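Q: Chains as they are written, first to last, in numbering that gives the first Met the number 0: chain H, 0 to 362; chain L, 0 to 343.
One should not assume that every hint holds.
[What the hints assert, rightly or not] Below, a list of computed lysine-lysine pairs in the DSS-like style, where the Cα atoms sit at most 27 Å apart:
{"id": "1", "chain 1": "H", "residue 1": "K130", "chain 2": "L", "residue 2": "K143"}
{"id": "2", "chain 1": "H", "residue 1": "K20", "chain 2": "H", "residue 2": "K42"}
{"id": "3", "chain 1": "H", "residue 1": "K14", "chain 2": "L", "residue 2": "K261"}
{"id": "4", "chain 1": "L", "residue 1": "K143", "chain 2": "H", "residue 2": "K105"}
{"id": "5", "chain 1": "L", "residue 1": "K322", "chain 2": "H", "residue 2": "K51"}
{"id": "6", "chain 1": "L", "residue 1": "K310", "chain 2": "H", "residue 2": "K42"}
{"id": "7", "chain 1": "H", "residue 1": "K14", "chain 2": "L", "residue 2": "K322"}
{"id": "8", "chain 1": "H", "residue 1": "K125", "chain 2": "H", "residue 2": "K14"}
These aren't lab readings, by the way, just hints derived from the structure by calculation. Quick caveat, the model's predicted, so the values are computed rather than measured.
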Amino acid sequence: MKYVEEYRDLRLVRKISEEIKKVVSQPWVIMEICGGQTHSILKYNLEEFLPKEISLVHGPGCPVCVTSLELIDKAIKIASEKDVIMSSFGDMLRVPGSEKDLLQVKAEGGDVRMVYSPLDAIKLAKENPDKKVVFFAVGFETTAPANALSVVEAKRQGVTNYSILSSHVLVPPAIEAILSSPDSRIQGFLAAGHVCTIMGYEEYIPLAKKYKVPIVITGFEPVDILQGILATVKQLENGEAVVENQYSRVVSREGNIPAQKLLKDVFRVIDRKWRGIGNIPRSGFALAEKFAGFDADKIFDLGKIISPESPLCIAGEVLQGHKKPTDCPAFGKECSPENPLGAPMVSSEGACAAYFHYRKIRN
Amino acid sequence: MNLSCPVPITNYDQVTLAHGGGGSLSNQLIEKMFLAELSNPLLNEGHDGAIFDLPGKLAFSTDSFVVDPIFFPGGDIGDLAVNGTVNDVVCCGAIPKYLSLGLIIEEGFSMEELWAVIQSIGKAVRKAGVQIVTGDTKVVEKGKGDKIFINTSGIGWIPKERDISPKRCRPGDVILINGNIAEHGVAIMSSREGLEFETSIRSDTMALNGLIEDVFKVTREVHVLRDPTRGGVSSALNEIAKSAGVGIEIDETAIPLAEEVKGACEILGLDPLYIANEGKILVILPEKEASAALKAMQNHPEGKKSAIIGKVTSDMPGILRMKTSVGSTRIVDMITGEQLPRIC
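In isolation and in its complexed conformation, chain H is listed as follows (with noise of 0.2 Å):
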């Protein structure tokens, strides 16, 4: 597969990892902000070629883990009612609410779809008049513009019976939170290099200076992830902090304009609630006040809900990297990929399931 292979080549891989453990020389804590980028890490067992002083913690970089308990048990309520189709992406629909996921309310009786793209389920709202069909659209900066362009197009074409639930997230704010946090341990990042393909990454040359981090946007094959490492190194090595692009074949620095644009006319900031983390604030998306039409949020009254999160999960620590998935005494017992207490063990990106499905061989 041309432009992916390139990337998997293990002369390539070994020799990334060479210079890397030629250049260090003390322990060094550095962040994979994306899920993504945790999923390939452990799929392909990346920490086998990175020396002992290096250590990845996982970020908060899975939409679907963060996704407040509130707005999942939002979303159930909405499923629930008569005459809704709740539509979203495979992940989404097994994610743990207070009492229930998405699949169980479908077994119930509701009309739960798993949908590959919002515009799927603009589709299905034409196709179901009758119904109010609503897309669970979560994701950080990546998915955000093809949701906006949902809301854009059920406004031109007149598709009143469509709208979306926004959990939509945003990376540098939750970057900025994990460093101002007085035990933070992160000495440089990995930025996710889609969300920087859509925002460009001017907005992360000031978190780098102010917090003194490198921050190396990054792609998501194993010669990437290994480049994006050696680049962080280096700069840690030499007492640098500045935002390096490891992933230039995709991301430029001011990034897609035209979808930066669509989303600052779809979209309002707010203050957004990160499960397991709490409140981080102008951290999320929300529809702007001329497409309250198509917000769920505003169209069903579902009063104030209020939902604890389960006090054996860990995720939150986890998400910012305080622990590792294995450090939490629910993993693999109370909590698995079969009866998960957190999103994190939901989520293909989740650092929790991640680590239950690849968990490194120790010998």
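Let chain H serve as the given structure and place chain L on it in line with the hints.
A: Then chain L, alone, in the frame of chain H:
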């Protein structure tokens, strides 16, 4: 869909509740459609069941088929129902002989599509050299089923020298597979409503009794046979590792996988190791027998792309691990739930 022969029932375009009622319309369905395509002396008896002799030890297996859509690239629910059960019997080391056929049809299902399914069943049993010897048809009200569900059970006999069981998997054995993985699951996915994407990937559904008989011609020492259907290669090998208390190590670069399937999996975020196959078989035998078995498989039309994909070890019992394409090693776990429901 094969519509080369005209539908033999012309007075009804759709299946009605009466077609499953046991009366004259049921009879018409049996006579004009089922017997027309599946006729053989045992079935033609019209008895409540089939009476027959078989030599030696017997193997017996059953499977139900609810695939959606019922017609997909490379096959349909009819040949899938025959091949699936034939292969389960083959995995017991048996020579499959007779099948039962149970149909649950939703009221309103088109007669034309039913005929296409029955013709496909007929073709598949003739190709596999087995016979449908007993059957049953029920019709449920519209909305209480989904077009057609099929159950088949199969029986076969086991030649004396054969002893096939997952427990016989031993350190020092090697693992062979008869070709590209993940094609059935991706073919179904590409034709599933709401997920359509264009590909030329076809389901690999086929009966493997001919291929495996060729293997038995060159070696008597086959330890395990397993068809990696739902849950894919990873689930099948995980189960074997656990049941035999051995470790299994596979090599990612040795596993046959079509470029197009690889690409589709990348885009959809699926792992081919977890995707269903319907015409693949894992053959586990001692290393010294491997080259003869591999050759026999590669010489058979259903095994041209056969390959040795891994080995059985005494360390890490119960665990399946994989040497990845970048040279590291990781554990390959069982899948949780389904990547996609109703694939067979």
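Q: Any hints this thing doesn't respect? Which numbers, in order?
A: Result: hint 8 breaks, nothing else.
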